[in-house]
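Please work from the sequences and hints to get the whole structure.
Going down the list, the sequences are from chains E and B.
According to the working numbering, the residues represented by the first sequence are 1 to 400, in order.
According to the working numbering, the residues represented by the second sequence are 1 to 284, in order.
Since the hints were made in silico from the structure, they are not lab data.
There may be inaccurate statements among the hints.
[As the list claims (entries may be wrong)] Pairs of lysine to aspartate or glutamate residues, derived as DMTMM-like cross-links and limited to a Cα-Cα distance of at most 20 Å, are as follows: (1) Lys275/E x Asp243/E; (2) Lys94/B x Asp207/B; (3) Lys368/E x Glu378/E; (4) Lys94/B x Glu140/B; (5) Lys143/B x Asp76/E; (6) Lys94/B x Asp58/E.
[Said to hold, decoys possible] Quick list of simulated restraints, FRET-style, between CB atoms: (7) Glu140/B x Ala55/E: 35 to 41 Å; (8) Pro104/B x Ala256/E: 31 to 37 Å; (9) Leu97/E x Asp86/B: 27 to 33 Å; (10) Trp317/E x Gln48/B: 40 to 46 Å.
Backbone N, C-alpha and C define an ideal beta-carbon position, used for all residues, glycine too.
One letter stands for each residue in the lines below.
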Amino acid sequence: MIGRMLLEPSKTWLTHFVSGWDQFWFAPRLPYVVCMLRIVTGLMLLYSQLVLATALTDFIGEYAWINNTLARQLHDGAFGTPDMARTYLWSIDNPLLIWMHHGITILITAAFAAGFMTRITAPTAWFLQLMYLHRLTGSLFGLDQIISYSAMYLMLTPCGSCFSVDAWLRKRLAERVEGDRKLRWLFPKIEPSVAANIGTRLLQFHLCVIYLFGGLSKARGELWWDGTAMWYAVANYEYQSWDMTWIGGYPRVFSALTHITLFWELFYCALVWPKLSRPIVIGIAIFVHVGIAFFLGMFTFGTMMIAANFVFWEPKWLWPSLRVEPETESTNEKTLSDVGLEEREKKLVEDKAKLKQRVETLKKRERKVRRAAKRLREKQGLDTQDFGKDDLNEESDLQS
Amino acid sequence: MRTPLASRLSPRIRTLLSIIIAIHLMALVLPPLAFQTRGMLGESPSVQSMLFPVREYTEFLYLNRGYAFFAPDPVPSNLFQAAFTDGSGKKTEKLFPDRNEHWPRLLYHRHFMLAEFLAEIYVAPGPPEELFKEDPLGAELWKQNRARYEHVRQSIVDHLMHRNPGDRVVIRRVEHVIPSFIEFTNDPIELSDLRLYRPLRDISPLDIPAIETTPELPEAIPTPKATEPNPSDVKSSDVKTSDVKTSDVEGSDVEASQSTEAVPSISKEVIKGDSSPRTEAVES
Chain E
1 MIGRMLLEPS KTWLTHFVSG WDQFWFAPRL PYVVCMLRIV TGLMLLYSQL VLATALTDFI
61 GEYAWINNTL ARQLHDGAFG TPDMARTYLW SIDNPLLIWM HHGITILITA AFAAGFMTRI
121 TAPTAWFLQL MYLHRLTGSL FGLDQIISYS AMYLMLTPCG SCFSVDAWLR KRLAERVEGD
181 RKLRWLFPKI EPSVAANIGT RLLQFHLCVI YLFGGLSKAR GELWWDGTAM WYAVANYEYQ
241 SWDMTWIGGY PRVFSALTHI TLFWELFYCA LVWPKLSRPI VIGIAIFVHV GIAFFLGMFT
301 FGTMMIAANF VFWEPKWLWP SLRVEPETES TNEKTLSDVG LEEREKKLVE DKAKLKQRVE
361 TLKKRERKVR RAAKRLREKQ GLDTQDFGKD DLNEESDLQS
Chain B
1 MRTPLASRLS PRIRTLLSII IAIHLMALVL PPLAFQTRGM LGESPSVQSM LFPVREYTEF
61 LYLNRGYAFF APDPVPSNLF QAAFTDGSGK KTEKLFPDRN EHWPRLLYHR HFMLAEFLAE
121 IYVAPGPPEE LFKEDPLGAE LWKQNRARYE HVRQSIVDHL MHRNPGDRVV IRRVEHVIPS
181 FIEFTNDPIE LSDLRLYRPL RDISPLDIPA IETTPELPEA IPTPKATEPN PSDVKSSDVK
241 TSDVKTSDVE GSDVEASQST EAVPSISKEV IKGDSSPRTE AVES
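Structure follows, in structure tokens:
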């Protein structure tokens, strides 16, 4: 009895958990937000590669700040535990090859930003970025992390389905795309998809992890508690891009900003999910990252973090017109599996309606018969047991 | 609860995807957790055990980060200064990163991170011989970490020599101190004031007391008397950032050289407005 009492709530909880998990990860999502994020991530990645090109052999090659041999040694265990942050760029010494490789990387990244052959260029751009990350040990910072993570999650989604060259090509080659399964995959249409949702959710979760541990590590310091951390950030000459040292005359202001930053980071992971607190949390995120972008000299990082935060925005919040799904593609462009599923769904709906109608009819008939039986009993004094329950059981009728 | 569209995926595929997602989520959470739970004895054993199966995955995907931006506290920046001596004996000095030279800002940041990396991996010379007997593992680790630092430093020197053929190059680490807001508001000082730059010596911790008792040890860039500068002692107009390049660099502070020469000497010019040499120990 007690076991059953404990088992039932656990079972209910588990059912709810599984259902909630499925809904969270596998409910389809429109791709508009990931498509916009693709543009920002792609352009930022492209900018990063172009800037690297201005001093390419200073960072990659035999005579780089960290030369090829040393870059390898920093990961292969020569100075401690080896790790898996491997890259083939350790082996490229020839400047011509380095330049050719970088040229190809720039082209692929530009294609990703423009949404050209995104199904191929997105994972390729991400992989190339990863190879650069493992080569540029010692010269990396927050921007490299966030663009790599964004690219990683975007490649899982149909992020080239809109605002892209792919979308334009799909329109142009409508007939060919329709009849070719590979082309349909290559040029995805705008529709809610599980892939878009998984990519979005992973980036959302990752942002929560970044902010949570950013907040926790700050909470271990002293200056984030005594309120002076903001001062030490704005008075850091190497970061400074806009002189904000006047804030030193207003301790109440900078200490308040310090505390807001700390608590916002700590609680971001919890408060960003409820719709009520989300705009506030995202609003502070924008405020903080605009500050980093303009005053701490990290325009690229600040911009990228703001863009990443928009992954919490539902497409319909950004464009109210999207509350009704746009009919951008004709129905005959749907995949075979989609058509099959829709037909089955339609049939099920029709069957359900028919069943409902039959139940209604039977119920009416039952009421009629009961009334007739009552009248008969009253007239002839017959016993009710003459009419067995089973005779009027609508379920058994339906089953038969 | 499930929408008709969500149920498009078969239960088997949903289960498979759920397992992959769960593993990835572990890979997201565990590296920063390991970073936070690292103490004197290393990482927390429980976190280490949980991280073990996904460690390589996190390393390859660059997920093995701590996300400790400006944490636990915002600290002074680390830079490095290079001195070049050409064939005719002409000496020039340069501070890395350089806002004027390294442009756009992203490129400046790459150089800045390089200087921070050099400071982050810094390990004092050593270990002393006795440590090999007392704590062989600790001594070996010290030796290994010191070797890593020296290799990185040498790679930077090699790069500068490659960019300046024929020059002799030496570098040293410099810390840029941040004044407290009270000092700053009481007597504003330029953040680029030379007195806020502290050269960091590359010496064994065992040698520090000996150096501290040395009466006269000229510093390349005058250091503040306390940990943080006392703006009341100085006038911001006295010294400018540009003076860094013509500053006095004492050979004993210089960390690396192209040659086997242990103590290279570079030009000594007295910094305008502050000619008195400071004697404080400047080890980080």
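Going through the hints against the structure:
1. Lys275/E x Asp243/E: violated (37 Å)
2. Lys94/B x Asp207/B: This hinted pair is violated, its Cα atoms lying about 28 Å apart.
3. Lys368/E x Glu378/E: holds (15 Å)
4. Lys94/B x Glu140/B: violated (35 Å)
5. Lys143/B x Asp76/E: holds (17 Å)
6. Lys94/B x Asp58/E: holds (16 Å)
7. Glu140/B x Ala55/E: 35 to 41 Å: Taking Cβ atoms as reference, Glu140/B and Ala55/E lie about 37 Å apart, which means the hint holds.
8. Pro104/B x Ala256/E: 31 to 37 Å: holds (33 Å)
9. Leu97/E x Asp86/B: 27 to 33 Å: For Leu97/E and Asp86/B the Cβ distance comes to about 32 Å; the hint holds.
10. Trp317/E x Gln48/B: 40 to 46 Å: holds (42 Å)
Violation of the numbered hints given earlier is confined to hints 1, 2, 4; the remaining hints are satisfied by the structure.
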